[in-house]
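> Chain by chain, the residues:
2 protein chains.
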Amino acid sequence: MKTVPQPDKQVEAAARDRQLQLTKPPGSLGRLEDLACWFAARLRTPIPDIPRTEVFVFAGDHGVAARGVSAFPQSVTGQMVANFAAGGAAINVLVALEGCRIEVVDVGVATDAPTPKGVRNARVRAGTRDLLGGPAMTDAELTAALGVGEECAREASQRGAQLLIAGDMGIANTTSAACLICALTQTTPERVVGRGTGVDDAGLARKTEVVTAALARTRRAIGADADSGKQPPAQIIAHLGGLEIAAMAGFYMEAARRGVPVLLDGYISGAAALAAVALEPAAREWMLASHRSAEGGHAVALQALGLNPLIDMSMRLGEGTGAALTLPIIRAALTLHSKMATFAQAGVAGAT
Amino acid sequence: MKTVPQPDKQVEAAARDRQLQLTKPPGSLGRLEDLACWFAARLRTPIPDIPRTEVFVFAGDHGVAARGVSAFPQSVTGQMVANFAAGGAAINVLVALEGCRIEVVDVGVATDAPTPKGVRNARVRAGTRDLLGGPAMTDAELTAALGVGEECAREASQRGAQLLIAGDMGIANTTSAACLICALTQTTPERVVGRGTGVDDAGLARKTEVVTAALARTRRAIGADADSGKQPPAQIIAHLGGLEIAAMAGFYMEAARRGVPVLLDGYISGAAALAAVALEPAAREWMLASHRSAEGGHAVALQALGLNPLIDMSMRLGEGTGAALTLPIIRAALTLHSKMATFAQAGVAGAT
Numbered sequence: 001m002k003t004v005p006q007p008d009k010q011v012e013a014a015a016r017d018r019q020l021q022l023t024k025p026p027g028s029l030g031r032l033e034d035l036a037c038w039f040a041a042r043l044r045t046p047i048p049d050i051p052r053t054e055v056f057v058f059a060g061d062h063g064v065a066a067r068g069v070s071a072f073p074q075s076v077t078g079q080m081v082a083n084f085a086a087g088g089a090a091i092n093v094l095v096a097l098e099g100c101r102i103e104v105v106d107v108g109v110a111t112d113a114p115t116p117k118g119v120r121n122a123r124v125r126a127g128t129r130d131l132l133g134g135p136a137m138t139d140a141e142l143t144a145a146l147g148v149g150e151e152c153a154r155e156a157s158q159r160g161a162q163l164l165i166a167g168d169m170g171i172a173n174t175t176s177a178a179c180l181i182c183a184l185t186q187t188t189p190e191r192v193v194g195r196g197t198g199v200d201d202a203g204l205a206r207k208t209e210v211v212t213a214a215l216a217r218t219r220r221a222i223g224a225d226a227d228s229g230k231q232p233p234a235q236i237i238a239h240l241g242g243l244e245i246a247a248m249a250g251f252y253m254e255a256a257r258r259g260v261p262v263l264l265d266g267y268i269s270g271a272a273a274l275a276a277v278a279l280e281p282a283a284r285e286w287m288l289a290s291h292r293s294a295e296g297g298h299a300v301a302l303q304a305l306g307l308n309p310l311i312d313m314s315m316r317l318g319e320g321t322g323a324a325l326t327l328p329i330i331r332a333a334l335t336l337h338s339k340m341a342t343f344a345q346a347g348v349a350g351a352t
Numbered sequence: 001m002k003t004v005p006q007p008d009k010q011v012e013a014a015a016r017d018r019q020l021q022l023t024k025p026p027g028s029l030g031r032l033e034d035l036a037c038w039f040a041a042r043l044r045t046p047i048p049d050i051p052r053t054e055v056f057v058f059a060g061d062h063g064v065a066a067r068g069v070s071a072f073p074q075s076v077t078g079q080m081v082a083n084f085a086a087g088g089a090a091i092n093v094l095v096a097l098e099g100c101r102i103e104v105v106d107v108g109v110a111t112d113a114p115t116p117k118g119v120r121n122a123r124v125r126a127g128t129r130d131l132l133g134g135p136a137m138t139d140a141e142l143t144a145a146l147g148v149g150e151e152c153a154r155e156a157s158q159r160g161a162q163l164l165i166a167g168d169m170g171i172a173n174t175t176s177a178a179c180l181i182c183a184l185t186q187t188t189p190e191r192v193v194g195r196g197t198g199v200d201d202a203g204l205a206r207k208t209e210v211v212t213a214a215l216a217r218t219r220r221a222i223g224a225d226a227d228s229g230k231q232p233p234a235q236i237i238a239h240l241g242g243l244e245i246a247a248m249a250g251f252y253m254e255a256a257r258r259g260v261p262v263l264l265d266g267y268i269s270g271a272a273a274l275a276a277v278a279l280e281p282a283a284r285e286w287m288l289a290s291h292r293s294a295e296g297g298h299a300v301a302l303q304a305l306g307l308n309p310l311i312d313m314s315m316r317l318g319e320g321t322g323a324a325l326t327l328p329i330i331r332a333a334l335t336l337h338s339k340m341a342t343f344a345q346a347g348v349a350g351a352t
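Order-wise, the sequence lines are chains A and B.
Just so it is clear: in the first sequence, position 181 is 181 by the working numbering, and no numbers are missing.
Just so it is clear: in the second sequence, position 103 is 103 by the working numbering, and no numbers are missing.
Next comes chain A alone, as it looks inside the complex:
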């Protein structure tokens, strides 16, 4: 297995130096300056072009949907995959504005319908097992799901992608994500479980109970390391994860191994990023947080990752929409970095 490369700190310093020469007070472009330098270090050039970006939407179903933890029926996962294929979903609209490639990947939709045209059929299983009753995935299923994401990142990198986005679709996947965030950050469900697509108070109470019980079941099943008190991350992910979440984690790990930055999305993406970093800690250096989700537990995941999101628009849709919405900010940052006049070029005096 390849190791994860380090960003180039020398190139980053050269980019920082260029920022000081541009016709503006030093630091006055705030986080746009940091963004330009972040990309310089990772694209390994002091004045990077706008990165070629690809979006993958990973879809999978969750056995735990049968516990009444979502406001929508399980059939919506497959219906939304068809909507992605037809170009009618929010992520399609945002990707069309940006002109980047999008691919929809069925990692585990529970449907008998044929795979819609244009959707990659990489189904590991028709939905996970109920994570409350037992492990959501076998070890082999987890490996296969991680591999789906790894393969997507590999292909994108070979096509020349320089920035990757993973989105999600999966009814009940905020329940699985909540379990992962709790287990991987050792946080209580009360701080992590939210309303997802919009469950009512009774649904929220039920969801919190399910997460609490599933965490207890997993703790009993897999035990913890005697020294660290931690549970082995692959076991946590197999017991509590989702097929699409595992694919996203594999996608993030493989992107990092290939030195391709990833732009994280919301709550599900945050859980997948925690899973990726649990398995491959150096992957974190290649992650950029796009937005903070309205799902409160997302902030817990971001904090554990040490990431500060660019925007907060109170979104909670997934699909990669929060990430896609921030692409113009990245484009602006890099275009300012490359196109603004310097003090010398413009004949403008510097600070006194």
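None of these hints come from the bench; they were simulated from the model.
You can take every hint at face value.
Simulated restraints, written as ranges between beta carbons of each label pair:
no.	chain 1	residue 1	chain 2	residue 2	range
1	A	GLN10	B	ARG101	35 to 43 angstroms
2	B	THR3	A	ARG52	45 to 53 angstroms
3	A	GLY223	B	GLY347	42 to 50 angstroms
4	A	ALA282	B	ALA213	51 to 59 angstroms
Anything over 10 angstroms on all C-beta distances counts as not near chain B; from chain A, calculated:
no.	residue
5	GLN6
6	ILE47
7	THR111
8	ASP130
9	GLY160
10	SER228
11	GLN303
Subject to a maximum C-alpha distance of 30 angstroms in a straight line, what follows is the list of computed DSS-like cross-link-like pairs (lysine-lysine):
no.	chain 1	residue 1	chain 2	residue 2
12	A	LYS230	A	LYS2
13	A	LYS339	B	LYS117
14	B	LYS339	A	LYS117
From the three backbone atoms N, C-alpha and C, an ideal C-beta is built for every residue, glycine too.
Got chain A sorted already, so can you dock chain B onto it with the hints?
Quick look at chain B alone, frame taken from chain A:
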């Protein structure tokens, strides 16, 4: 003088209804949904097109620059106007990405150099007087500066502009803006005065002293209404404002009278918006806040206006850059609103 029209609440309700039909959980696009409805009410159509946007950068100098309140020499105002004309400044880069019209307006630059080609010469005076020594502007100069902005908004509206941005350039204008924010919101200088383009600790202390003394001088000079305890806003603006800030205020007022929404920028824009609302309270309904500036007092201005900015990227450059950076978010919100499939179109089940 025309009165300010009201946004259309019925059209807003129709837009809100459409949002509920789109293939996503209700509310899951967060503030993007609110943005689409905000524009629907003001552009008076339930599914608005992307608004035709124009940017005006108003430039003016400040007599108070002689007090050592800025990190840059006064000559930079004129040099930056030349940089705008040559297309090398940050706002030029952002406007080019958006493809919208930009015009640079000299309302009061203190320079002997000829007006650069492409810059509108509407100079009222070669910089304001020192606001610490006496009124920055006469009443006639204030009226003239307001009129410059009004004329720009009138012309843009007649060209069919549907969204207007005003940016600023003026060395020492954060001192004038701080005075206006303090006087118009009755807040102490300590909460409002910041480092502007980057003064050091001694500069910040000097700037705070200047603002405190100028506020005291103005209070003595113009008195306050016996009933409300408030000072007449036009007098506050003449005593403490800047020519470019007054032009921005006039621009905002005239846009509102013509029913054209404005996208506010940062600290200077916030002071100008407060001035506009002080003179024409209904103008507030036509204002959208783009970003929160790193200049701490901006939050004071936004709170007094009752506006919640879309993003916070720790920017403090002015020129209209914060506003221009949020145009893609508005475009995304309106495109999602118009292009996403409905549940019925996509054959997706709604919430159970």
